[in-house]
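**Q** Using the sequences plus the hints, can you model the full thing?
Letter by letter, the chains look like this.
There are 2 protein chains.
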Amino acid sequence: MKINPENHSTHISQKFNDELEEIRSQLLEMGGMVEQQVKDAVQSLLDGDTRLAKEVRAKDQQVNHLQLEIDEFCTQILARRQPAASDLRLVLVVIRATADLERIGDEASKVARATLKLAEEGASPRGYIEVRHLGNHVRQMVQDALNAFARFDSAKALEVLREDENVDLEYRSATRALITFMMEDPRAISQVMSIMWVLRSLERVGDHASNLAEYVIYLVEGQDVRYAELAQIEAAIAQRKQATQASD
Amino acid sequence: MKINPENHSTHISQKFNDELEEIRSQLLEMGGMVEQQVKDAVQSLLDGDTRLAKEVRAKDQQVNHLQLEIDEFCTQILARRQPAASDLRLVLVVIRATADLERIGDEASKVARATLKLAEEGASPRGYIEVRHLGNHVRQMVQDALNAFARFDSAKALEVLREDENVDLEYRSATRALITFMMEDPRAISQVMSIMWVLRSLERVGDHASNLAEYVIYLVEGQDVRYAELAQIEAAIAQRKQATQASD
Numbered sequence: 003m004k005i006n007p008e009n010h011s012t013h014i015s016q017k018f019n020d021e022l023e024e025i026r027s028q029l030l031e032m033g034g035m036v037e038q039q040v041k042d043a044v045q046s047l048l049d050g051d052t053r054l055a056k057e058v059r060a061k062d063q064q065v066n067h068l069q070l071e072i073d074e075f076c077t078q079i080l081a082r083r084q085p086a087a088s089d090l091r092l093v094l095v096v097i098r099a100t101a102d103l104e105r106i107g108d109e110a111s112k113v114a115r116a117t118l119k120l121a122e123e124g125a126s127p128r129g130y131i132e133v134r135h136l137g138n139h140v141r142q143m144v145q146d147a148l149n150a151f152a153r154f155d156s157a158k159a160l161e162v163l164r165e166d167e168n169v170d171l172e173y174r175s176a177t178r179a180l181i182t183f184m185m186e187d188p189r190a191i192s193q194v195m196s197i198m199w200v201l202r203s204l205e206r207v208g209d210h211a212s213n214l215a216e217y218v219i220y221l222v223e224g225q226d227v228r229y230a231e232l233a234q235i236e237a238a239i240a241q242r243k244q245a246t247q248a249s250d
Numbered sequence: 003m004k005i006n007p008e009n010h011s012t013h014i015s016q017k018f019n020d021e022l023e024e025i026r027s028q029l030l031e032m033g034g035m036v037e038q039q040v041k042d043a044v045q046s047l048l049d050g051d052t053r054l055a056k057e058v059r060a061k062d063q064q065v066n067h068l069q070l071e072i073d074e075f076c077t078q079i080l081a082r083r084q085p086a087a088s089d090l091r092l093v094l095v096v097i098r099a100t101a102d103l104e105r106i107g108d109e110a111s112k113v114a115r116a117t118l119k120l121a122e123e124g125a126s127p128r129g130y131i132e133v134r135h136l137g138n139h140v141r142q143m144v145q146d147a148l149n150a151f152a153r154f155d156s157a158k159a160l161e162v163l164r165e166d167e168n169v170d171l172e173y174r175s176a177t178r179a180l181i182t183f184m185m186e187d188p189r190a191i192s193q194v195m196s197i198m199w200v201l202r203s204l205e206r207v208g209d210h211a212s213n214l215a216e217y218v219i220y221l222v223e224g225q226d227v228r229y230a231e232l233a234q235i236e237a238a239i240a241q242r243k244q245a246t247q248a249s250d
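From first to last, the protein sequence lines stand for chains A and B.
Heads up: the first sequence begins at 3 in the working numbering, then just goes up one per residue.
Heads up: the second sequence begins at 3 in the working numbering, then just goes up one per residue.
Warning: the hint list may mix true and false statements.
[Stated by the list, open to error] Example chain B residues on the side facing chain A (calculated, C-beta under 10 Å, incomplete):
1. M35
2. N66
3. L80
4. A86
5. R91
6. E104
7. R178
8. A179
9. D187
10. D226
[Unchecked claim] A few chain B positions that, by computed beta-carbon distances, are all more than 10 Å from chain A:
11. S15
12. E24
13. D73
14. E74
15. L118
16. A121
17. F154
[Said to hold, decoys possible] Taking CB as the label site, the calculated pair distances span:
18. B:Q241 - A:S126: 48 to 54 Å
19. B:N66 - A:Q63: 31 to 37 Å
20. B:R189 - A:P127: 21 to 27 Å
21. B:D49 - A:E122: 28 to 34 Å
22. B:Q241 - A:P127: 24 to 30 Å
23. A:S15 - B:L171: 49 to 55 Å
24. A:A179 - B:A179: 20 to 26 Å
Keep in mind the hints are simulated off the structure, nothing from the lab.
The beta-carbon is built from N, C-alpha and C at its ideal position, and this holds for glycine as well.
**A** Right, dumping it as structure tokens:
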């Protein structure tokens, strides 16, 4: 059985179907928005582009607003439609996912704030290679997690979880490099600290992308895999696949 | 009208009432647990107590487990009881709140990890006063937010939101002090960075306590106040009070 976003559950009411489809597409819209925010925030830092940084900061309000709107819509669906089984899971996942997307937006906003601070101080680029790499990496994770959600694709979601381990390694190596910069030039400590916080924000973006991926697995596999080891998750997905093939 | 936890809504089924009471008390139990985790983690750092730090790290698993349990129970209530109005709000708030409590537990665990790292390096206390102050402050915020939840007390919740502004000021002043330490003694940079991350974790604990406070206001006032300015929230609470008094 392949789970298909178009008919992931059967219920009589076409209107109810439309509503579920609507929160799904709203979540993807919000996701696309924060993915762009991460991209723009990192770009603003690399280019010292304060105009772009201010745009990112301003747009964060829209992201917050969208979260409240989607959450309110989900609450209404729960109250009026009283969904069960996979429909209920979908609504709950959307509520959880908006919280993660909103926090990704927050982290992008923090990166943009660093752009403004560094520009004000007339700082010279230091640690920017690390920011570019980690930034690309976690933005890709957000994109992949959203694609996995759009396609109800738990294998893709699993890849995102695996990727997070690489991001953690990359993050740790980047912070070590920055500590070395600080030791070599103590006058630059304050400036390098700003980059340190940027790296931390990007690492957090990766964590939130992983949360999104875990929700996709919960949706598709029906198992809450938060705090499970990667190997356990892989086994659970493989097991379901086998069971599905056997019943085909 | 004073909202009373014992009868915050009326429904026929005593069993349903018991279930709502049960998730409320489970949330408070989880809250008490993470509050203790924050306290122990900070204490382990101040005393260089690696045994206590390891305990905090081990206990984080229990916190995670409790979150999954409560979430699962909430999902079952939604599926079976199809709650509406204030009951639905309560269940949704509990689901959101467990996520914040779990993250508070994560931050405590990070602080405990810093204890172990610093003990290994035989580090001397630096920035510990800042950690103690901020640690006490945010632990108090968590406690107050939980009390506000236990009593459905939006005025108390509002105090927590106000307190978060002080925590942010305190955090910024502490990080400035630490940057000065690093400049004065570049050899200690790596060690001071560990304390910097600890301060960041504690500041995040304050943010999560604020989220809890916002949920309490949503529960009691029926208004989602995330992203609202403090002044707006105060006005909304005052308005409801007036309306309630007029109708008494």
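**Q** Are the hints correct? Go through all of them and say.
**A** To see whether the hints hold, each was checked on the structure:
no., hint, in the structure
1, M35, "violated (15 Å)"
2, N66, "holds (5 Å)"
3, L80, "holds (6 Å)"
4, A86, "holds (5 Å)"
5, R91, "holds (8 Å)"
6, E104, "holds (9 Å)"
7, R178, "holds (9 Å)"
8, A179, "violated (13 Å)"
9, D187, "holds (9 Å)"
10, D226, "holds (6 Å)"
11, S15, "holds (15 Å)"
12, E24, "holds (19 Å)"
13, D73, "violated (7 Å)"
14, E74, "violated (7 Å)"
15, L118, "holds (16 Å)"
16, A121, "holds (19 Å)"
17, F154, "holds (19 Å)"
18, B:Q241 - A:S126: 48 to 54 Å, "holds (52 Å)"
19, B:N66 - A:Q63: 31 to 37 Å, "holds (33 Å)"
20, B:R189 - A:P127: 21 to 27 Å, "holds (26 Å)"
21, B:D49 - A:E122: 28 to 34 Å, "violated (40 Å)"
22, B:Q241 - A:P127: 24 to 30 Å, "violated (51 Å)"
23, A:S15 - B:L171: 49 to 55 Å, "holds (52 Å)"
24, A:A179 - B:A179: 20 to 26 Å, "holds (25 Å)"
Going through the hint list in order, the structure does not satisfy hints 1, 8, 13, 14, 21, 22.
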